[in-house]
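Chemist: From first to last, the protein sequence lines are chains A and B. So that you can map any letter, position 63 of the first sequence is 63 in UniProt numbering, and since no number is skipped, the others follow by simple counting. So that you can map any letter, position 48 of the second sequence is 48 in UniProt numbering, and since no number is skipped, the others follow by simple counting.
Mixed in with the good hints there might be a few duds.
Pairs involving identical chains hold if they fit within one copy or between any two copies, as the list cannot separate such chains.
What the hints assert, rightly or not - SDA-like cross-link-like pairs, simulated, lysine to any residue; straight-line CA separation at most 20 Å: (1) 17 <-> 51; (2) 17 <-> 93; (3) 17 <-> 52; (4) 17 <-> 87; (5) 17 <-> 38; (6) 17 <-> 83.
No wet-lab data here; the hints were simulated from the structure.
Protein chains: 2
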Amino acid sequence: MVAVPGSGAALAEGLLKVAEGMRTAPGCELYVVNRTPDEEDAVWVTEVWSDEAASDAALNRDLGEAGFGEVLPLLAGPPEFIELNPVGGPGLS
Amino acid sequence: MVAVPGSGAALAEGLLKVAEGMRTAPGCELYVVNRTPDEEDAVWVTEVWSDEAASDAALNRDLGEAGFGEVLPLLAGPPEFIELNPVGGPGLS
Numbered sequence: 001m002v003a004v005p006g007s008g009a010a011l012a013e014g015l016l017k018v019a020e021g022m023r024t025a026p027g028c029e030l031y032v033v034n035r036t037p038d039e040e041d042a043v044w045v046t047e048v049w050s051d052e053a054a055s056d057a058a059l060n061r062d063l064g065e066a067g068f069g070e071v072l073p074l075l076a077g078p079p080e081f082i083e084l085n086p087v088g089g090p091g092l093s
Numbered sequence: 001m002v003a004v005p006g007s008g009a010a011l012a013e014g015l016l017k018v019a020e021g022m023r024t025a026p027g028c029e030l031y032v033v034n035r036t037p038d039e040e041d042a043v044w045v046t047e048v049w050s051d052e053a054a055s056d057a058a059l060n061r062d063l064g065e066a067g068f069g070e071v072l073p074l075l076a077g078p079p080e081f082i083e084l085n086p087v088g089g090p091g092l093s
């Protein structure tokens, strides 16, 4: 997702708070906040969920709880989602 | 990366072979081949490296060894790379 100009760091901070709330979310195996050297206002969240239902449940919870409401005003536009289905490879448990 | 039309599955197969070769690459913590329901000819490789030097070394090795040459003819264009620097969150060791 992309922050309004100059707010990339603030967006990352807000998402770290959301991430902390995900520690107890059922089926959440990974919820890491990343920044990229290529775009200072962009923040990527890389998530791994045990199944789609767990992901959907957390996504629905995001908006009401988990502090996601605090980061919404920082966004320059709607977040882009990329759904991936792992096929195989080293490091996949 | 995106395969020529209809070759998404073949590209994923070829990349799984490359992935197997990465099991012994120094600093490789994750090298997972993913497909996406949104785009049947697209394949995403999600990688985690211990540091930039390890990633660079493997990337340079990719083209000569590791079977990457076999997948090149399947690509519709040059691969897109997105470099991410993790900040924090559950699941990050």
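Chemist: Of the hints stated earlier, which fail here?
Modeler: 1, 3, 5 and 6
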